[in-house]
Amino acid sequence: MLVSLTNVSKSYRLGRVGVRALDAVDLDVARGDFLALAGPSGSGKTTLLNLIGCIDKPSGGRIVLDGVDVTAVPLHRLAATRRDTLGYIFQTFNLIPVLTAYENVEYPLLLQNVGRRERDARVRRWLDQVGIAAQAQQRPDQLSGGQRQRVAIARAMVAEPKLILADEPTANLDSDTAAHILDLLAKLNAETGTTFVFATHDPAVMSRAQRLVRLHDGRISENAHALVA
Amino acid sequence: MTARIAFRNVFRNRRRSAITLLVIVFGAVGLILFGGYKQQTFRGLRESTIRSRLGHLQIYKRGFASNEAKKPLEYGLDDVAALRRAVESDKRVKMTAAQITLMGLVSNGDKSETFIATAVEPLKEKQMNGYRLVGGTDLPANEPDAVLVGRGLATSMHVKAGDYLTLMTTTTAGSLNATDVRVAGIFMSGIKEFDDRAVKMPIAGAQQLLQTKKVERLIVMLNDTDDTAAVRADLARTQPQIEMKSWSELASFYHQVVMLYNGIFGFLGLIVSAIVVFSVANTILMSIFERTREIGTLMAMGTTRARIARMFLAEGVVIGVLGAIAGVVGGALLASLINRGHVMLPPPPGYTVGYPLRMLLTPSILLTAAFISIVTATISSIVPALKASRMNVVDALGHI
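Just so you know, the protein sequences line up as chains A and B, in that order.
Just so it is clear: in the first sequence, position 48 is 68 by my numbering, and no numbers are missing.
Just so it is clear: in the second sequence, position 16 is 11 by my numbering, and no numbers are missing.
Simulated from the structure, these hints should not be mistaken for laboratory data.
Keep in mind the model is a prediction, meaning the values are calculated, not measured.
Any given hint could be a false lead.
Stated by the list, open to error - Examples of chain A residues lying across from chain B (beta carbon under 7 angstroms, computed): (1) 69; (2) 145; (3) 155.
To be verified - Pulled a few chain B residues facing chain A out of the computed Cβ check, cut under 7 angstroms: (4) 170; (5) 295; (6) 388.
As the list claims (entries may be wrong) - Stretches of chain A that chain B covers, calculated by requiring three or more beta carbons in the stretch to come under 8 angstroms of a beta carbon on chain B: (7) 25 to 36; (8) 199 to 209; (9) 214 to 223.
The C-beta atom is built at its ideal place from N, Cα and C for all residues, glycine as well.
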């Protein structure tokens, strides 16, 4: 298993009110999974994604990521794990506005101290792979929503992580663009074997997932494999 | 990449960065102008103090400073001619001038006042040019009983050039002696208290009045002030019968001015630094607030806290460097414009003549202004940088 969650819960305070975002969640994500976390707003999808992504700590339970118990390590010590094991795709793209598309994709490789020649080759390959090579020198504000998300996908993939976490990756895109992005993600999953976990409301994303995990009030209500991949 | 991101982020909100840069530029320009003015004042005051009054070195007979003389010139120099030959053989020495200081009463027949006379060698005194003649002529070379009278004393004594006064003092033997002198001219030094008591007379006349062949001191004028310590050391080795004081030991007013100006400069520097600190810190804090989600994204991607902190520190450095460059260029241009404008300042307290406003721009002043700008801007970004690096990633990503 790439990710294994055992009896994971997460509570936090919202003003004076205690909120139980996740309650005794058990979940395994296998290598190569193309998994959608579905559920209504407040069901705990994003919280679960944050915990798997090592940017939040559970209140209880255990999370093992690629063989490492990440619940035992302080968050700020998990920067290297995030850098080398995980890739993020955000609903609002979250590109660095002052960097060009090329530089945005290059950034994770700089964190990994990849040499200049190899860096350049990988950045160009991934920009080409997501179909954005012609816009390499443009900044995010010069790109359309679909183009920005393609850059974000290239940025997430370029460091060759084992797991890509995507929070509502198609929510800010029109249906055509969203379909193209989903095609691209499915293709990358199939070609590279990279594991994808999405948090989504979008029925189109759910229908494309190989595996669907439904959350309701912080608990897993359905955990099913699709009949057709 | 850290520097690239920092540099571009500085220009992201141009108006805000421009205001911050302006604050740094104004601060640097202020430091340069005041520093240049201070430097010019120090140099001008130092050289005028040396060239017109004190000389670089003053030579006395050994024991002059440590013993209280019971009679005038008890510790005077006996064979000044031989000493002068030895001192002037050094090529770093421009000239020497013998002097005596004496005090006594001056009378016009109707009233008496105390005077402080400096007995000088008329031709040497003319070269030193430490006073301004406001009536009559300079001291003649060969008239022992001619004197110059300070303007205040001349007014008090109701004398003009050509009139006669009587000087009375104690001789080296301890008896009283008096002589009639002709007022050759009236002078002013610029210091009122001095001009109210001052008399200049030829050294030959003073020696007659004091009934001696001795002189009190030999003033040594050098070509270059920077040689003072070296010449002093050489003279101390070759002339054991003498003792010396350098201009610095005698120029108490100069040192008071230096201390005062340095204090003001330090205070000004503190104010400028405080303004820059608040301005830069405010700019970077606003930038962090606007970029909270971006910081969250960078951290989610595996950027370490230290790297985030470095990124914002680098922004402080970039702002500081840009401000320093613009400030140094602006300060140097403004200083040269002021220097060309020949602006006159009013007389300082105790002086009767004004002086030109000039700035002496030395590399150290420009470097100091640049250094303060960069260091202050960098220091101001430390707290915001630490704040950014300690953000909670989930909260930062959820920031709108």
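For each hint, the structure was consulted:
1. Contact between residue 69 of chain A and chain B, as hinted, is not supported at the beta carbon level, the nearest pair being about 10 angstroms apart and thus beyond 7 angstroms.
2. At about 19 angstroms, the closest approach between the beta carbon of residue 145 of chain A and any beta carbon in chain B exceeds 7 angstroms, and the interface hint on this residue is violated.
3. At its closest, the beta carbon of residue 155 of chain A sits 18 angstroms from a beta carbon of chain B; the interface hint therefore is violated under the 7 angstroms criterion.
4. Hint status for residue 170 of chain B relative to chain A: violated, with the closest Cβ pair at about 92 angstroms, above 7 angstroms.
5. Among the interface hints, the one on residue 295 of chain B holds; its C-beta lies about 5 angstroms from the nearest C-beta in chain A, closer than the 7 angstroms criterion.
6. Interface hint at residue 388 of chain B: satisfied, since its Cβ lies 4 angstroms from the closest Cβ of chain A, which is below the 7 angstroms cut-off.
7. For the region 25 to 36 of chain A, the proposed coverage by chain B is not satisfied: 0 residues have a C-beta within less than 8 angstroms of a C-beta in that chain, short of the threshold of three.
8. Only residues whose beta carbon comes within less than 8 angstroms of a beta carbon in chain B count, and the region 199 to 209 of chain A has 0; fewer than three means the coverage is violated.
9. Against chain B, the region 214 to 223 of chain A contributes 0 residues with a C-beta closer than 8 angstroms to a partner C-beta. That does not satisfy the three-residue criterion, and the hint is violated.
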